[in-house]
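Visitor: From the two separate chains plus the hints, produce the assembled complex.
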Amino acid sequence: MKGVALLPESASDFAQKMDPLFWFLTAVTVFFTLLIAGLVLWFAYRYRKGSNASRAGAKDTDLRLELAWSSIPLIVGLITFVWAAKLYAQVYGPPPENALEIFVIGKQWMWHMQHPNGIRENNTLHLPAGRPVKLTMISQDVIHSFFVPAFRIKRDVIPGRYNVVWFTPTKPGKYHLFCAEYCGTQHSLMIGTVYVLEPAEYEKWLASGGEMRVGQTASSTGTTAGVATASLVEAGEKLYTQLRCNACHGVKDGTRGPSHYGLYGKKVKMKDGTTVVADEDYIRESILRPLAKVVDGYEPIMPSYEGLLNEERVLQLVAYIKSLKKPTQVAEVRK
Amino acid sequence: MSVVVAKQDGARHNYLNVSDTVLSWLLTTDHKRIAILYLVSVTLFFAVGGLLATLIRLELLTPQGDVMTSENYNRVFTMHGVVMIFLFLIPAIPAVLGNFLVPLMVGARDLAFPRLNLASWYLYMLGGLLATWAMVTGGVDTGWTFYPPYSSSYSTSQVTLTIIGAFIVGFSSIATGINFIVTIHKMRAPGLTWFRLPLFIWAHYATSIIIVLGTPVVAITLLLVVVERVFRLGIFDPQLGGDPILFQHLFWFYSHPAVYIMILPAMGVISEVIACFSRKRVFGYHFVAFSSVAIAVIGFLVWGHHMFTTGQSVYAGMVFSLLSFLVAVPSAVKVFNWTATMYKGTIELRAPMLYVLGFLGLFVIGGLTGLFLAALATDVHLQDTYFVVAHFHYIMVGGTIFGYLAGLHFWWPKMTGRMYPEGIAKLAALIIFAGFNLTFLPQFVLGYLGMPRRYHWYPEEFQMLHVMSSAGAALLAVGYVIPVFYLLWSLRNGALAGPNPWNATGLEWKTDSPPITHNFEETPIVTEEPYAYDNHHHVVEEEEVAVGSGASHAKT
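Chains A and B, in that order, are what the protein sequence lines are. Residues 43 to 377 in our numbering are what the first sequence lists, from first letter to last. Residues 30 to 585 in our numbering are what the second sequence lists, from first letter to last.
Chain B on its own, in the form it takes in the complex (with noise of 0.2 Å):
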């Protein structure tokens, strides 16, 4: 990509040596100091979401109910939810990774609304400290759907608590949508137009679109649910006048553009992975630009899938399972274009493109597992069942988190100026990758069996396959546990980065590692198409990469 750099200076001050006092951090406006905001902050509660998950994976060890009362288990997988959700999933790749890239890579110095970026990290803490402390005064046991009458008439639990943190969060999420679409539609570098623009931004385009849409439907949903159990106004209750499949579709309205909002950000950052340590450029450029407005836009007519088993029309249901048979299309396409991108590159397997392949087999999992609910008559036997856990599980955890630690990974180096160290790196990636699939293959058998999702206690003849799926679990957070201590470790004796170790194209490599505060010290002027890479591009270098003599990114 030809672009006006500025002249690198290594004794100059980046946005995180600028200043080191703790309220130069609190009242910083800064996107990239925002971000490390958010990672610090995501990870905590990721690490709470995950002790948690610690606890039913402890439980399910036997039948019976061991290790905790069912009042407990019913909090501890509903609080699971919730933070996992809320706390970490959707805010995750957004909040950390779209806060520090999206001006970065339109070539602006902030997001467009500075202020209003930091507000929303005020607002996702005040929701999450809200959210734990409803935790620590009792939890919440209504399943993090929150499905009335029961969260609204029956459960004794922190719901109201937990409902205003999780309302609360939504505030913050908005503020980074609406702060996304903004900047990308006024921000961007002279040259940059749409089709120039890395499909991580595109993918944080469409999620943008979806959140501003989607969130205050459920905002206010839960907020019914609150009223309801406050003032006993009869909304969804039956025996206040209110109906309970009326709270399903307002829920299931946000909520399934909601697992939009998670994995479009992953699939992003797979883009601009596969790219680089292909050294090629994305195959179908336009189709998976397209593919995510496409699947924001259907996303948003699905959600009565979630509700074949209610009682809802049969025709109904027949519209939303063709709906969501169209929605898995683009999706399809997205996996078909990243394979088509690695064929004749000339591929790197660095740690970032591990966790990229991972995704890939994961996703694929979990996309055509959704064939399975998507379709009707098997929706009536899989429905609630550890099928559907297995299921989500595959795309939140095999998709949105392989795609956050794959842009971790990459963008480490850009966010801190360090290396990360490879070789400890690639074997968490693959402890990640196995412990995932011994815990969530054996729940897909568990489902079909027939074993109800939010169970404490269980017939014996599931045992087995529930002892191999804690096994995995406890494999899953070993390799959890090891990027903390590696990347923490790196920030002090990681060797130096530099501007853009992996010869990336796209201008956030352009400046400095860690960027100094403003982003550039003139605004770059794009003239080329995105990845660039170089055998691409010039053919006649195509000798010289493939014998691995060195991809020196071209420059003009």
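So here's chain A without its partners, still in its complex pose (with noise of 0.2 Å):
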């Protein structure tokens, strides 16, 4: 038997946040718990039968008690609820601009992130601290659920959809990464390291290679360290060019198919009237499956490449997507 914990470890600043509010509601569990266990003994002597306490008075019902003991525990009930609510909509809120942006897939049985510069691990996480880190998540194939618990955060990793959580590591450590959602035979095996650097150490990390490249095939043994082959953007490059996607998005709106420069957090009208704010989900779905949303003043014509794509290769897809800047800076720069 190693060590034994009590606590966890606080190393995020979400974490620096909701622990205050679980103390506070670890204070209202014992005192109502030593409340009522406390009558409730009391009351068990002292009008035990036979005892001589006076029973005179004795009411089967009050109004003022009632009202006050349903509105104490809804006072209480909404104090936590405001308290957690507002703390929860920034934890799964919008990231900060300046957020490190990670991408994770979960598959059965392992986590594989992907940094932007090309970096790929498996398992293991390394983040620097004291910057915002965004994760933008996705499973392959069942539910998963990427959970740090020093971080205290948790987010569900689901197929057919990105997840995104964000947080700010404080404290440089070596953290447990768990899979919180069961997935099936080694699910309790999906687990990884997460590694919080001082910003120095960090970079040190960064300009090392990390272990894994894009561009390089993946192994899980080998450790190559050196200079990046391709960024999360350069791959997505390749591959666009590849796939063709060029032949029929253009620079500019094209009769075929809409441009993709400057599409990334556009509002897109659909075909249908409806109105869609291009997302990473929203591009990763055009992709996939075009026909289920079509934009206005086109035709559905474009195939799906739904079984053909891993959700790696879909990920720097939209990554370089995302990339892709208004038509007149680019048209500039290219020409």
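Everything labelled a hint here was simulated from the structure, so no lab data went into it. Be aware that one or more of the hints could be misleading.
Said to hold, decoys possible - With beta-carbon atoms standing in for the labels, derived distance ranges:
| hint | chain 1 | residue 1 | chain 2 | residue 2 | range |
| --- | --- | --- | --- | --- | --- |
| 1 | A | Lys213 | B | Met97 | 36 to 44 Å |
| 2 | B | Gly270 | A | Thr317 | 20 to 28 Å |
| 3 | A | Pro158 | B | Val510 | 53 to 61 Å |
C-beta: ideal position from N, C-alpha, C; glycine also.
Guide: Here is the structure:
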């Protein structure tokens, strides 16, 4: 039996904000448990059969009491609700602009991380302390859940859609990464380690090239340090050309397909009159199931890439399409 | 309670000795006999679920998987959940105590549809046996929640058979629910107005409404998993064009209210027992009655609190969180009213009352730890950890099982005509209370530390708390086994109970123990409020009660 933990590490801004709420609720729980247990035991003793304590004035209803013990739990509940909802809106809300963006793919039974500069990791994740991190996550098979207890964050990793969570690691160290959603035989071995490094250390780690890079074959054993061969965007660009996406999606809106330049974050009008914000999920869906949402003014002629691309490659394409800036800027650069 | 009661006649037949052929039991339409059939069957399934729990706690003694393979561990915890929830916790109190007592308490000869009642037991057995068959032919490894796409596209275990079993058991619940609703509406004895009903009846009424409205939803949802699994029709699996989150909405739309299906009947038992052994009317009768209804209604609107981490909209999360705090209020109201019932009562700590005190303590902890999970930010950390496991065991074991055991001891003399042995029954209650807390208190700490649920292997720093939990489970097992022996012993050797050994109010105590087949010689007529215990209604008699010279029941 090695070590006994009683309090979890606290290593993110969210952990520091959540813990006071946890202890507040613990205090509420202890208080009311002792109150009820104390009253029950005291009554059981004082009014035991055979005791001569006075029973005069015993009542069986009292509206003021009922109102009091309805409203006290209600008030405690509402305070907790507001407190907790604010924090929740933050951790699952939009991340800050300067957040480090990392993609996570869950699959039975491993975690695959993809850094923007091309570094790939399996079951480990290196992060700098003090900088917000945005995780964009998807599963390749069943539902998983990305859980780092020391950060107090958890987000389900679901097939078919991106889920986002963000946080700021605060304390350098080595922390557990767990899969929290039951995902089959080796669920309890779908675990990993998050390394939070001092910013300088992190730069060194980045420069060393981490573990694996896009463009090299993934090997679980080999640690190939070296210069990045391709960033996520570069890998995406290569794929974009290979798949000939540019045949229909040019710098400007064409007759066969709309342009991808400046698409990310834009509001797009659909054939059916609805409007969709072009986020990662929309881009992904349009690659895999192009007929689900057809842009106004275009015919539903795009072939589906479902089954032809794994989530990793879809991510590369999404990263590349996100990187395409407004036509004017890019057109100038290209010329 | 003033009632016209039949004359007692010791030599006469009762529902048990009226016939003793096997067929007379298998074809009975007597609600009391069906209750006994259910009692035997739910006890057997409880034993199966308990054995599976034992295997889980044995495996978790060490961080490595050494007792069994991961594959088997996943099957064991899944089947523990399936058996305990579908085959024990949901039917236990309604189908055993409710079946036996609802007609007696409302002064009826039987439930409204006696043959439907028998059919419900056969459906239950059929579903239970299919689930058992699935278990012995490979088992199922999806978790009792059957989340797709794992359940529909990935698991190679007996998902289909188990789901069909659960589907069929659902119909047995629905049959029982319909029977209770109709009986409570249409078959109350003359004078038994809604606000003269025992709170046990109110609780079962609220439960029946949830059963009838909720069960069809889970039945069809589970069937859709089978459809996707067998015919590869895309409903939940995104690779087939489905939506896995849709399943969770549909599943929890039933399965959260199902928690109230399990706990409300136990709350009904608590009201009866606490009034009897405090010799006082339940404090705030109307508030306790309507809080059951409030729980049933609001309980249908909180399902999304199981999904705070799935990626549902932040605003949807807020609405579900707010409603979850609201649904906690009626439960709190009940606890305060029960506590107030004891104030200035004349309290006798018989075994059923010990279970009630245990219930109060454990339900308060279970309920308050629910606030951590209703609160959005803390749920992000605690969701799918042992904190959740501990929380729902406090509600389901500390709540439902303590309520069930309180009720079983309280009405055992009515059901069998014999008293259970008091001393050893109290000892067992204390052992169960101690064992339960030792098992599940450490799990709250484990959850806060981050130990995920459904883990076969776990990091070494969690071992100490797991060992404590397993030690508690051993004690708990001892506590569960003891009643089996003394209750069976009491069938032949227990003291004769007589019609009303507790001097309790309520129509079920106005007839023989065990009751005759048609419950009452003449339809009783009710002219008084419920829980008309002496020292409440007759202040003059208070002194007499207080000095313990016998709490004789006022008869008119």
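Visitor: If a hint holds in the structure, say so; if it doesn't, say that too.
Guide: Hints versus structure:
Taking the beta carbon of each, A/Lys213 and B/Met97 are about 38 Å apart, inside 36 to 44 Å as hinted. Against the hinted window of 20 to 28 Å, the Cβ-Cβ separation of B/Gly270 and A/Thr317 comes to about 23 Å, which satisfies the hint. At roughly 60 Å, the beta-carbon separation of A/Pro158 and B/Val510 lies within the given 53 to 61 Å, and the hint holds.
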